[in-house]
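These protein sequences, in sequence, are chains Z and S. When you line the first sequence up against this note's numbering, it's residues 1 to 173, in that order. When you line the second sequence up against this note's numbering, it's residues 1 to 400, in that order.
Under the rule of at most 20 Å between Cα atoms (straight-line distance), these lysine to aspartate or glutamate pairs were calculated in the EDC-like manner:
1. S:Lys-39 - Z:Asp-99
2. S:Lys-38 - Z:Glu-103
3. S:Lys-148 - Z:Glu-66
4. S:Lys-330 - S:Glu-293
Hints in this document: simulated from the structure, not taken from any laboratory.
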Amino acid sequence: MNENTNYMNPYLAGILLGLLLVATIYITGRGLGASGAFKSVAVTGAEIVAPTHTGSAKFYKEYSAEHPGKSPMMNWLVFEMTGVIIGAFISGLISNRLDLKFEKGPRSTTKMRVAGAIIGGMLWGIGSQLGRGCTSGAALSGMAVMSTGGIITMFAIFGGAYMFAYFFKKFWI
Amino acid sequence: MGPLVPDIISNNMNFIVAMIIGIFFGAILEQAGFSTSKKLVGLFYGYDFTVLRVFFTAGLVAMLGVIALDHFGLLDVSLMYINPTFLWSAIGGGLIMGLGFVIGGFCPGTSICAASIGKIDAMIFIGGTIAGVFIFGEGYPLFENFYKAADMGSPQMFQTLGISQSLFAFLFVALGLISFWFTSIIENKVNGIKKPAIRFTPYYISMGLLGVVLALSAFVFTDRKANLTQKIENLNYVNSYPLDTMNVDEFALCLTKILECDKYQGIDFRPEKEQEQFPLPRTTSMTINRLFEKDAYKTLSIRNKISIFIADDELTERKMAIIATELGYKHVRILRGGLNNFVASILNYKPMENPKTKEEIYTNRFRIYASQQIPIILKEFKPRAKNNKEKKPKRIIGGC
Chain Z
1 MNENTNYMNP
11 YLAGILLGLL
21 LVATIYITGR
31 GLGASGAFKS
41 VAVTGAEIVA
51 PTHTGSAKFY
61 KEYSAEHPGK
71 SPMMNWLVFE
81 MTGVIIGAFI
91 SGLISNRLDL
101 KFEKGPRSTT
111 KMRVAGAIIG
121 GMLWGIGSQL
131 GRGCTSGAAL
141 SGMAVMSTGG
151 IITMFAIFGG
161 AYMFAYFFKK
171 FWI
Chain S
1 MGPLVPDIIS
11 NNMNFIVAMI
21 IGIFFGAILE
31 QAGFSTSKKL
41 VGLFYGYDFT
51 VLRVFFTAGL
61 VAMLGVIALD
71 HFGLLDVSLM
81 YINPTFLWSA
91 IGGGLIMGLG
101 FVIGGFCPGT
111 SICAASIGKI
121 DAMIFIGGTI
131 AGVFIFGEGY
141 PLFENFYKAA
151 DMGSPQMFQT
161 LGISQSLFAF
171 LFVALGLISF
181 WFTSIIENKV
191 NGIKKPAIRF
201 TPYYISMGLL
211 GVVLALSAFV
221 FTDRKANLTQ
231 KIENLNYVNS
241 YPLDTMNVDE
251 FALCLTKILE
261 CDKYQGIDFR
271 PEKEQEQFPL
281 PRTTSMTINR
291 LFEKDAYKTL
301 SIRNKISIFI
311 ADDELTERKM
321 AIIATELGYK
331 HVRILRGGLN
341 NFVASILNYK
351 PMENPKTKEE
361 IYTNRFRIYA
371 SQQIPIILKE
381 FKPRAKNNKE
391 KKPKRIIGGC
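Bound-form chain S, shown alone (with noise of 0.2 Å):
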């Protein structure tokens, strides 16, 4: 599961991949003909569109890529750097940066890929770059409370707009689309082209059904976290959901160690106070929103381990097991009755007047061993408590 930095790929070698991405970086935008002052300001002028078509068709593909991925849970976006929303600022600095974009006629980034063909005018720009942001940093006291006014965390488009995920993106890209046409049409009347802008050659119905296919897909790459979390709030569906299950006299046995029970670890869903409380051995600590992050992925995937998870009640334990199940964990099992069923008929347990079955008799016995037992165990039990909580992975800090 992505990213795959820290743990697969350590934050030195972070540096190399940085470099090769860059490259690649790099060679894109120069064959895009971003390396070059009159293709950039077109945009602005209405007589070549292309940096518009680059920069959108990227930022879309990479919109739909990052959905995709957290789809098919091979990204934590939990992790991902978001940009983090400052209203005030964002609008300044971009206004800022858009009246620098044509008077110099470059981003830092196009000045970059410029200088490096040796354009003498992006090597000057450069220069003029870092010397504002020296301006910035000596003008700091100056700038800094509208840089952190109105500081809004770091939100997603969508939810500031309060829709779906799949609806903005769709939205997105249909925004992407008509630009691309519309512009086309400034595009050849500023130019004086006469064909219309948009003719059915095969080039452009494949363009165009490549674009429908994208704008549908955001729908196909359902938001896994707000789908899931819906689809447990039905009950029916919920109670009919095949688990396997562990009973409590099972459970019991492994506690007392009558049962080796190496292949099972505890998933503990139970809220924080009461994890601390009454903590149990050989469990880990989890919640709802963790199941589909990282961290989980590495508790879960061990290889030949069971996880029971557990809870209070059974429902909470089926709905997360249903959503780990979903998820594509393997071997889940819930504790069947929940651990309020374990407290009432293993701690609780009070003895039968006069059992008759051999089954009976057998589970007498061991219950009102297992009652008086379980209770020293538990009690001798010291939890590495500070061991599998507050090891929460950082989001990864990104950004300029």
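Excised from the complex, chain Z in its bound form (with noise of 0.2 Å):
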């Protein structure tokens, strides 16, 4: 099945993401986030597995000491993430894009692509936690307050992510 591609004008939804970001600044003082709901889980994981691991480590010292007397679930970027599955799913639905599926490129092999998404995906916990933010809380929220961290780290995501790409052309086209 062909999914359907009808997306909206980006334009548009640059404009309506901006009107949102600002409503969330203006609402709660800070902008959009999502690396942060993966460090809670990730957080949350290691002290149910090792709970005298994570009381002395100090990375999840830190964390609570920034983070005092809750539990990381409850976090404003747990419940937006949270939002955000609610909202695309609806999404979706409406717009008849809802299907389990396996996406890869043409000459990627699925071996290919399983590896790409897991080191993929760790190369960004790694990073969004040097980065302090990910392509929401640090780029697009820190560009929304002109913070030069922000904005910093938007231009190396970007400008890392094109000097890279070359050389993972078979991934995708």
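Both chains are sitting in their own frames, so use the hints and assemble them into the complex.
Okay, here's the thing in structure tokens:
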């Protein structure tokens, strides 16, 4: 089955997303984000599997110092990302794009795509910690508040992707 | 005045707000086509620049939106979360994410979006990302030095570049518009489309006009703070600005409680040390920077209260009162001659030798009385200093 590719006009989508981001900053004083929710899940997982370890390792200690007294899942971004799941699902339902599907480039093998998704994901996991946010939290929200760090991270993400794109052509085209 | 959290919307309510915002976020991303890796990586191979268009437009609209909210005094930007800048980890982390983008085909937000509509590769990617955070956590001692190096605080790009906010915003919008045009040419070339990237159709003309309006709005929504602080450097402007005043005798009448002065509140702009040594009853401490913040809004917009701006000299009072008036606060008055005049004319009053007119007699009598009473009143007054100060709200903590 071919996916419905009637997408919204990109500039219109951009304006709507921009207005949503302004509203978010006006209401909450902070921007949108995504990778923070992944962090919450990772920290929660580690706490369940190895509570003694997370009690002593510095990363988890610093995390609980920054988010005192609460479960890592009681986090703004976890709620926001839950909303994203709902919103994207509804949008997919309306536009008839709900379908269990494994996507890969025309010359890519399934193995390549699986390995790529895992490794790519891992790199995002590490990179978003270093960059203190991902495309949403650092680049997009950083741009909205004109943060120097956010804008540098944005250029590094997209610049880096262009730099490395040549070597992974076979994955996609 | 924003942000609405935590005063108008409670911290718990904020979680529900987060979910509603997330629903819109997810729906917009999905509608824009961010739920498929093919479209996302098109950016890096030149066949589909949707990501750039959506992302850059959103960033620019949001940036100008924040600037406009600040310009109209609707948002206290001093409370807004500004991502901190750690130079090396910002660059290093960004490059790693870039590599992850071309290998994995998603970024974290879009992977959630794609997984929500059933993309299996996105679900695998999510697993990888969680594992990546875990790897970072376990390897944290190795990363830590790099992670915390070159801490520059939380500067904004125009400060780093040393240009005005308006100019930076204009240049950034211009960069966006040029990139939209340029990438459209590339996209057509890669996809073998012969038509020119921009044609004189109503669609392109209106898009272009919208872009120009956005770019110019950077200069319309001026940085209020920079603007006003510059304005009050002009002495002619400051001295000719019409302001309501209160004279020192009225002020003394209030202090001695001869007059009922509930409708007045003092706004004290003296240096902190002076305020501690010589505290005044019924005053709130204030500084020029705080005038622009939500904190001041709460104090200065109390209904039916007239704010008397107090400083040592009248010039400082005038400057602060002009800023407050320009910010839209009503019922602002200044103490004529400043506190120095009050000290000279009331506290250190030298009684007149032989007052002639009725007015002189009354003034003389009152000032003699006030010069004896007020020092006692001031001595008895114990400031609730700790209550008024140190309550400065903290910046909101955001980020990932």
